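Asks: Below are the chains, spelled out letter by letter.
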Amino acid sequence: MTSPSTKGSREPQPDEQLEQSLYAKRQKIFPREVHGLYARLRLAGVLGLLGIFYFTPWLRWNGHQAVLLDLPARKFHIFGLTLWPQDFIYLAFLLIIAGLALFFFTALAGRIWCGYACPQTVWTEAFLWLERKVEGDRMKQQKLDAMPMNAKKLRIRATKHTFWILFSVWTGFTFVGYFTPIIELGQRLVQFGLGPWETFWVVFYGFATYGNAGWMREQVCMYMCPYARFQSAMFDKDTLIISYLPERGEPRGSRKRSTNPRELGLGDCIDCTMCVQVCPTGIDIRDGLQYECIACSACIDACDDVMDKMGYQRGLIKYTTQHEMTGGKTHILRPRMVVYAVLLLVVMGIFAYSIGTRTSLGLDVIRDRNRLYRETADGLIENVYTLKILNMDKVAHRYTLSVAGIPGIELFTDMKDIEVTAGDVMELPVRLRADEAELKVRSSKVMFELVASDEPELSVQEEARFLGPR
Amino acid sequence: MQDGLPMTTSRISRLQKCIAILWPSFLTAIVATGVFFSAFDPDDLFPFDADPEISRLGFYTIGFLLFWLIAAVSGIGTLYFAITNCMRQGQGKQDD
Numbered sequence: 028m029t030s031p032s033t034k035g036s037r038e039p040q041p042d043e044q045l046e047q048s049l050y051a052k053r054q055k056i057f058p059r060e061v062h063g064l065y066a067r068l069r070l071a072g073v074l075g076l077l078g079i080f081y082f083t084p085w086l087r088w089n090g091h092q093a094v095l096l097d098l099p100a101r102k103f104h105i106f107g108l109t110l111w112p113q114d115f116i117y118l119a120f121l122l123i124i125a126g127l128a129l130f131f132f133t134a135l136a137g138r139i140w141c142g143y144a145c146p147q148t149v150w151t152e153a154f155l156w157l158e159r160k161v162e163g164d165r166m167k168q169q170k171l172d173a174m175p176m177n178a179k180k181l182r183i184r185a186t187k188h189t190f191w192i193l194f195s196v197w198t199g200f201t202f203v204g205y206f207t208p209i210i211e212l213g214q215r216l217v218q219f220g221l222g223p224w225e226t227f228w229v230v231f232y233g234f235a236t237y238g239n240a241g242w243m244r245e246q247v248c249m250y251m252c253p254y255a256r257f258q259s260a261m262f263d264k265d266t267l268i269i270s271y272l273p274e275r276g277e278p279r280g281s282r283k284r285s286t287n288p289r290e291l292g293l294g295d296c297i298d299c300t301m302c303v304q305v306c307p308t309g310i311d312i313r314d315g316l317q318y319e320c321i322a323c324s325a326c327i328d329a330c331d332d333v334m335d336k337m338g339y340q341r342g343l344i345k346y347t348t349q350h351e352m353t354g355g356k357t358h359i360l361r362p363r364m365v366v367y368a369v370l371l372l373v374v375m376g377i378f379a380y381s382i383g384t385r386t387s388l389g390l391d392v393i394r395d396r397n398r399l400y401r402e403t404a405d406g407l408i409e410n411v412y413t414l415k416i417l418n419m420d421k422v423a424h425r426y427t428l429s430v431a432g433i434p435g436i437e438l439f440t441d442m443k444d445i446e447v448t449a450g451d452v453m454e455l456p457v458r459l460r461a462d463e464a465e466l467k468v469r470s471s472k473v474m475f476e477l478v479a480s481d482e483p484e485l486s487v488q489e490e491a492r493f494l495g496p497r
Numbered sequence: 480m481q482d483g484l485p486m487t488t489s490r491i492s493r494l495q496k497c498i499a500i501l502w503p504s505f506l507t508a509i510v511a512t513g514v515f516f517s518a519f520d521p522d523d524l525f526p527f528d529a530d531p532e533i534s535r536l537g538f539y540t541i542g543f544l545l546f547w548l549i550a551a552v553s554g555i556g557t558l559y560f561a562i563t564n565c566m567r568q569g570q571g572k573q574d575d
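These protein sequence lines map, in sequence, to chains A and B.
Under this note's numbering, the first residue of the first sequence carries the number 28, and numbering increases by one thereafter.
Under this note's numbering, the first residue of the second sequence carries the number 480, and numbering increases by one thereafter.
No lab work stands behind these hints, which were simulated from the structure alone.
It is possible that some hints are incorrect.
[As the list claims (entries may be wrong)] One side only, chain A facing chain B, incomplete, derived with CB under 8 Å:
1) 98
2) 99
3) 153
4) 156
5) 224
6) 227
7) 250
8) 251
[What the hints assert, rightly or not] Label pairs and their calculated CB-CB ranges:
9) A/286 - B/564: 53 to 61 Å
10) A/275 - B/545: 51 to 59 Å
11) A/336 - B/549: 31 to 39 Å
12) A/116 - B/501: 23 to 31 Å
13) B/545 - A/128: 28 to 36 Å
14) B/544 - A/483: 46 to 54 Å
15) A/316 - B/541: 44 to 52 Å
Remember, it's a predicted structure, so these values are computed and weren't measured experimentally.
Quick reminder that beta carbons are idealized off the backbone N, C-alpha and C, glycines included.
With the rest of the complex left out, here is chain A (with noise of 0.2 Å):
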């Protein structure tokens, strides 16, 4: 932060006066275009990254959508996989496995999650790249900038909007596609039929896409990542790092090619100001290590460049840990590696199992809030319960359903076949009548069992508590 520190200052003073004196405004960045291995490298992430988000929805799988996280019906199709709300447990177990792999690869190689494949960044490069193709290179977008506006900027500033506004509706209309069925979507779309809270999301999502990647860029890593705040605790003297070589580079200054730099007493970094003017948050990198680096290595790929036409050697800027920097050896099997790794195998192989063995048959069990318990013409002691049956399962199934618990316990139900068809909820009135002499208690638990009649070893549990007078 800077501020005036003067004595002066310190007299309370209007708000507005302040906020324009302690707030450096936004300097825009202009990023200048990249060439080279890593920024082939960032390059193959983001089109791969963008080609899985918008083609994903179109793929089909035995005749339906195969990603769909279909809310409206309550369901979600991954493939094979049909999950249902009772299965939020394994998004949550998701969670756990996308958080453990930060850690582990944070330790390991540093932000190359920020570089190469944050969602940030790679609609920013894609942003950044229609930019490019409308108001031209870095010269020409400083050029257009400062222009005061006239026709021939409004021209280029409306058509460079015109796209990214259409590339964000593409984006939300993609989003909204993982969620309801994207071809009667589309249908809908060019009938200008769409709902009203299909066209909320779709207008949503792209509205934050051509916010975030269009406008607020840098920004968004610099103040609204948690991520780039708390990174530097997964950090050690063994990650992979983004580093400007000093002692190499120092003292900086320009020279011309043929001259001999030992000679004029200057280090190998001629000071052309390559690495800042290619930095997507307009940093200087040979200003050390800071928390605005994203790693996106665009300055190693532009110094490589001036180092290779100096006719020096690669890697003034380079990828390096500080134990490299400090003469020593990079470690990468250490205690902090094998916990993270150790961790995420574990939960990733129980996340695996339990998909695994996984039972398509849920039961639920609900008791009658109207009244606690009946006594029926006979003396016995009677309790009504809904139970909702899901079948998760590919095929329809025949269930058979006992209880136990209560010596003597007597289930019925007007049901006589209880079969649901595939991907069903059946809602199953029952009651329960007891005698009321093998009550022990007020509340007594019982359980249901449900046993599919054609496959014995598909059956589901619930326990449910039975009440009576005592």
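With chain A fixed as given, assemble chain B onto it according to the hints.
Replies: Chain B alone, transformed into the frame defined by chain A:
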């Protein structure tokens, strides 16, 4: 605070305050919506008095916006108390 200036609300720009309130509450609302609606089906919650015009997707949307609003209100409170506390402490230092 390093420069000895009292902390005032204007030290943080209005835009940053908006982001500080809306962004974390947005993330919270996503989680809350996910947990809430995986436990409760809107069709079960409002079986009779629900407007048939409002689909499940509509309930999810309204639920999400409500969660966002609630979390944002809490964020406003946090920011308000944090800032007024800092202001008091800043003034206390000045008096020394």
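Asks: If a hint holds in the structure, say so; if it does not, say that too.
Replies: Tested hints:
| no. | hint | verdict |
| --- | --- | --- |
| 1 | 98 | 6 Å, holds |
| 2 | 99 | 5 Å, holds |
| 3 | 153 | 22 Å, violated |
| 4 | 156 | 26 Å, violated |
| 5 | 224 | 4 Å, holds |
| 6 | 227 | 6 Å, holds |
| 7 | 250 | 6 Å, holds |
| 8 | 251 | 5 Å, holds |
| 9 | A/286 - B/564: 53 to 61 Å | 60 Å, holds |
| 10 | A/275 - B/545: 51 to 59 Å | 58 Å, holds |
| 11 | A/336 - B/549: 31 to 39 Å | 58 Å, violated |
| 12 | A/116 - B/501: 23 to 31 Å | 30 Å, holds |
| 13 | B/545 - A/128: 28 to 36 Å | 32 Å, holds |
| 14 | B/544 - A/483: 46 to 54 Å | 47 Å, holds |
| 15 | A/316 - B/541: 44 to 52 Å | 45 Å, holds |
Figure legend: structure checked against the earlier numbered hints; hints not met, in rising order: 3, 4 and 11.
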